[in-house]
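Novice: Each chain, written out:
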Amino acid sequence: MEVIQIIILIFGLFALSRVFTNLSHKNLEKIEAIFWMLFWTVVIFIAIFPETISSAAKILGVKRGVDLAIYFSIVVLSYLIFRLYAQISNIEKNITKIIRTVAIKK
Amino acid sequence: MKNTHIIIPALNEEKNIGNVINNLKKEGYHNLILVDDGSEDNTINIAEQAGAKVLKHIINRGQGAALQTGMTYALLNGAQYLVHFDADGQHDPKEIKSILKPLLKKEAEVTLGSRFLKKQKMPFIRKLTLKGAILIIWVFYGEKLSDAHNGFRAFTKEAAKKVTITTDKMEHASEIIDKIKKRKVKYKEVPVTIIYKEEHLKEGRKGQGQFDSIKILFKMIMEKLGT
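Residue numbers (the working numbering), protein chains in the order written: chain S, 650 to 755; chain U, 175 to 401.
The shape of chain S in the complex, shown without the other chains:
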């Protein structure tokens, strides 16, 4: 096992444990928790058996397994950023509503 595999494995386990603690503190919805559990389980699995993504890459027409992992990560990250953007602008709009109500009532 290479050092990088061990690092990813340890980080994956740490992240997975964070998902469980957040779930028990009810900071996460069940559906979100399931998504993140699956995500980190896949990461851990790939860290232990890197050959598996190589064969998956071949099926999908990507040359190297690592490339597939990077492409996939970029897609996931972009989606998450988009979701954060939407959530933040929603929060911003709500803050404005509160500030407006306070300004008018006083």
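A hint or two may mislead.
Using 25 Å as the maximum straight-line C-alpha spacing, the simulated PhoX-like pairs for lysine-lysine come out as follows [claimed, not checked]:
hint	chain 1	residue 1	chain 2	residue 2
1	S	Lys754	U	Lys331
2	S	Lys742	U	Lys393
3	U	Lys389	U	Lys355
4	U	Lys389	U	Lys356
5	U	Lys343	S	Lys742
6	S	Lys746	U	Lys189
7	U	Lys230	U	Lys279
8	U	Lys199	U	Lys176
9	U	Lys336	U	Lys176
10	S	Lys742	U	Lys336
11	U	Lys176	S	Lys742
12	S	Lys746	U	Lys362
13	U	Lys331	U	Lys271
14	U	Lys176	S	Lys754
15	U	Lys305	U	Lys199
16	U	Lys353	S	Lys746
17	U	Lys279	S	Lys742
18	S	Lys746	U	Lys176
19	U	Lys189	U	Lys343
20	S	Lys746	U	Lys343
21	U	Lys268	U	Lys200
22	U	Lys279	U	Lys343
23	U	Lys336	U	Lys301
Hint data in this document are derived by calculation from the structure and do not stem from the laboratory.
Dock chain U against the given chain S, drawing on the hints supplied.
Specialist: Same frame as chain S, now just chain U:
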């Protein structure tokens, strides 16, 4: 004039706000709503002493948000006509009459001040940005205006209910035009003078800086994708 409410969004305008309010009072306007957008200076006290109704945003939310707060308040308090007026002394209170005229004559429901309908000196870079904004409004909304980003506007009560501002920051100028078009509100451009004082030219934070223009464009694209 009793049913005309003047909405003045302000942020750190202690130098100008007293004069602006007094000049408006001299012209006979008494429903003056100053929306303080989280000023850190003496704006609130000066405005209250000068006799304006002051609404306080306890956190800065942007000019669009401040205008909408003023509009909501004015509508709750029986306004028939609503005027957007700058707090920094760039607008001439005498011109409120001309901006209201098309509304009183029922020729339009909204009037938009335009500094390009009158010949006037203006810093070159400002002119370039404003002309660019006009082009973008034209491309985005298919509406050809002579001045897309003038803060001097007037609304009838009915139009103010239709054109609500939901963008907090400076994109509201574009949003207003978008909503006027979508909700088929009748509008007219009215020539107005913008007084460019030396301090306005010095500080980039006044109005919309050049960099802000790019940020606004980005937000407009995001809004456009969202709808």
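Novice: So, for every hint listed, does it hold in this structure?
Specialist: Verification of the supplied hints:
| no. | hint | result |
| --- | --- | --- |
| 1 | S:Lys754 with U:Lys331 | 21 Å, holds |
| 2 | S:Lys742 with U:Lys393 | 14 Å, holds |
| 3 | U:Lys389 with U:Lys355 | 23 Å, holds |
| 4 | U:Lys389 with U:Lys356 | 24 Å, holds |
| 5 | U:Lys343 with S:Lys742 | 11 Å, holds |
| 6 | S:Lys746 with U:Lys189 | 29 Å, violated |
| 7 | U:Lys230 with U:Lys279 | 34 Å, violated |
| 8 | U:Lys199 with U:Lys176 | 12 Å, holds |
| 9 | U:Lys336 with U:Lys176 | 22 Å, holds |
| 10 | S:Lys742 with U:Lys336 | 19 Å, holds |
| 11 | U:Lys176 with S:Lys742 | 32 Å, violated |
| 12 | S:Lys746 with U:Lys362 | 30 Å, violated |
| 13 | U:Lys331 with U:Lys271 | 17 Å, holds |
| 14 | U:Lys176 with S:Lys754 | 22 Å, holds |
| 15 | U:Lys305 with U:Lys199 | 34 Å, violated |
| 16 | U:Lys353 with S:Lys746 | 20 Å, holds |
| 17 | U:Lys279 with S:Lys742 | 36 Å, violated |
| 18 | S:Lys746 with U:Lys176 | 28 Å, violated |
| 19 | U:Lys189 with U:Lys343 | 23 Å, holds |
| 20 | S:Lys746 with U:Lys343 | 14 Å, holds |
| 21 | U:Lys268 with U:Lys200 | 10 Å, holds |
| 22 | U:Lys279 with U:Lys343 | 32 Å, violated |
| 23 | U:Lys336 with U:Lys301 | 31 Å, violated |
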